[in-house]
Amino acid sequence: MNIGVFAAHEQYGPTELLDHATRAEAAGFDTVWTSDHFHPWWHTDAHCGAAWPWLGAALERTDEVRMGTGVTPAIGRYHPGLIAQTFATLATMAPGRVHLTLATGEAMNERPLGYDWPDYPERNRRMRDACEIITRLWDGERLSYDGHHWSADDAKLYTLPEERPRLFVAANGPKSARVAGEYADGLLTLVDPETYREKLVPAIEAGAEEAGRDPDDIDRIRQFSVSYADDPGAALDAVEFWTGSMAVDFSEDVYDPREVERRGKQVPKADWDDWGLITDDPAEVREVVDEHREAGFDEIEFLSTSPDQARFIDDVSEELEL
Numbered sequence: 001m002n003i004g005v006f007a008a009h010e011q012y013g014p015t016e017l018l019d020h021a022t023r024a025e026a027a028g029f030d031t032v033w034t035s036d037h038f039h040p041w042w043h044t045d046a047h048c049g050a051a052w053p054w055l056g057a058a059l060e061r062t063d064e065v066r067m068g069t070g071v072t073p074a075i076g077r078y079h080p081g082l083i084a085q086t087f088a089t090l091a092t093m094a095p096g097r098v099h100l101t102l103a104t105g106e107a108m109n110e111r112p113l114g115y116d117w118p119d120y121p122e123r124n125r126r127m128r129d130a131c132e133i134i135t136r137l138w139d140g141e142r143l144s145y146d147g148h149h150w151s152a153d154d155a156k157l158y159t160l161p162e163e164r165p166r167l168f169v170a171a172n173g174p175k176s177a178r179v180a181g182e183y184a185d186g187l188l189t190l191v192d193p194e195t196y197r198e199k200l201v202p203a204i205e206a207g208a209e210e211a212g213r214d215p216d217d218i219d220r221i222r223q224f225s226v227s228y229a230d231d232p233g234a235a236l237d238a239v240e241f242w243t244g245s246m247a248v249d250f251s252e253d254v255y256d257p258r259e260v261e262r263r264g265k266q267v268p269k270a271d272w273d274d275w276g277l278i279t280d281d282p283a284e285v286r287e288v289v290d291e292h293r294e295a296g297f298d299e300i301e302f303l304s305t306s307p308d309q310a311r312f313i314d315d316v317s318e319e320l321e322l
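Position 135 of the sequence shown, counted from 1, bears residue number 135 in UniProt numbering, the numbering being contiguous throughout.
The reader is advised that the hints may include incorrect statements.
To be verified - Across the chosen pairs, the derived CB separations fall in these ranges: (1) Glu122 with Thr44: 28 to 34 Å; (2) Gln266 with Pro232: 22 to 28 Å; (3) Glu291 with Pro202: 17 to 23 Å; (4) Ala270 with Glu64: 25 to 31 Å; (5) Lys265 with Asp153: 43 to 49 Å; (6) Gly56 with Arg77: 46 to 52 Å; (7) Asp253 with Leu322: 37 to 43 Å.
Since the hints were made in silico from the structure, they are not lab data. Virtual Cβ for every residue (Gly too), placed ideally from N, Cα, C.
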């Protein structure tokens with residue numbers, strides 16, 4: 001089972017995140033995932049660097065660890081052809097080490113730049129367009145495509161890697177999971193193992209069957225939130241930065257980090273442990289890994305808000321014997 005860490009541009013500056021990435025590789029982690037946001041999930045002391053140039057720097061700083069986004073939405077600000085070109089270039093420079101994750105996105109990445117924020121069915125159709133355009137360009141096709149929202153006119157990528165990047169689709173419900181079944185090399189989800197088994201697996205299988213694919217070829221990845229510290233109180237306090245993500249639904253038309261933070265501050269501290277695992281014991285992280293392995297996941301990647309990220313990386317790697 002692959003073990004990954006999440007480099008959160010919302011919470012740390014890009015140079016510090018490079019240190020996290022290199023430390024994760026040295027500690028034996030298999031993957032580094034990163035957010036691709038314009039606005040963060042908080043306002044006070046937040047960051048929000050650009051993911052694409054950061055990935056180029058991080059891949060150059062490391063040797064083997066696989067890297068990519070989790071997630072890159074093709075809703076308004078990114079044309080799928082531009083996404084395809086960017087990740088093909090990254091994969092050319094770092095063969096076999098690049099992945100791209102598509103999703104239906106959040107308003108905070110589109111509305112500040114003047115794009116509309118459509119409802120979920122429309123965003124799902126745009127994501128399906130993006131999957132079609134990106135995979136066909138990566139296949140080397142000269143593409144003319146008239147999709148639901150996105151189109152291409154004799155588009156062709158003239159720089160392609162020998163090994164194409166891995167394409168993942170993020171899904172927390174069955175409609176997006178079905179798209180993953182049709183197009184993706186893997187599915188990324190935030191849902192618990194029970195919900196995954198009951199709602200997402202049938203949708204993955206249905207999408208794969210419709211596309212004539214083997215669902216067993218589709219990797220299953222869980223993003224899991226954790227805050228780790230010797231002092232349980234400090235571990236709990238560190239969750240505050242992410243309470244906005246508890247208070248604002250991904251589909252809401254909320255895009256000002258000040259409003260996200262205002263809502264987050266209304267989440268009672270007694271409810272903060274609903275965000276994820278809050279612990280002073282790395283053995284509890286091992287239990288989470290074991291639970292997901294038994295549920296059929298191929299990878300788990302940890303979004304850590306631990307007060308000392310280096311300590312989290314080192315202690316977890318030692319516990320898991322990476």
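Here is how each hint holds up against the structure:
1. At about 33 Å, the beta-carbon gap between Glu122 and Thr44 stays in the expected band of 28 to 34 Å.
2. For Gln266 and Pro232, the hinted distance range of 22 to 28 Å is satisfied, since their beta carbons lie about 23 Å from each other.
3. A hinted range of 17 to 23 Å for the beta carbons of Glu291 and Pro202 is consistent with their spacing of about 21 Å.
4. Remark: the range hint 25 to 31 Å for Ala270 to Glu64 is contradicted by a beta-carbon distance near 42 Å.
5. The hinted range of 43 to 49 Å is satisfied by Lys265 and Asp153, whose Cβ atoms lie roughly 48 Å apart.
6. With their beta carbons about 19 Å apart, Gly56 and Arg77 fall outside the hinted range of 46 to 52 Å.
7. For the hinted restraint 37 to 43 Å between Asp253 and Leu322, the CB-CB distance of approximately 41 Å keeps it satisfied.
Of the numbered hints given earlier, the model fails hints 4 and 6; all others are met.
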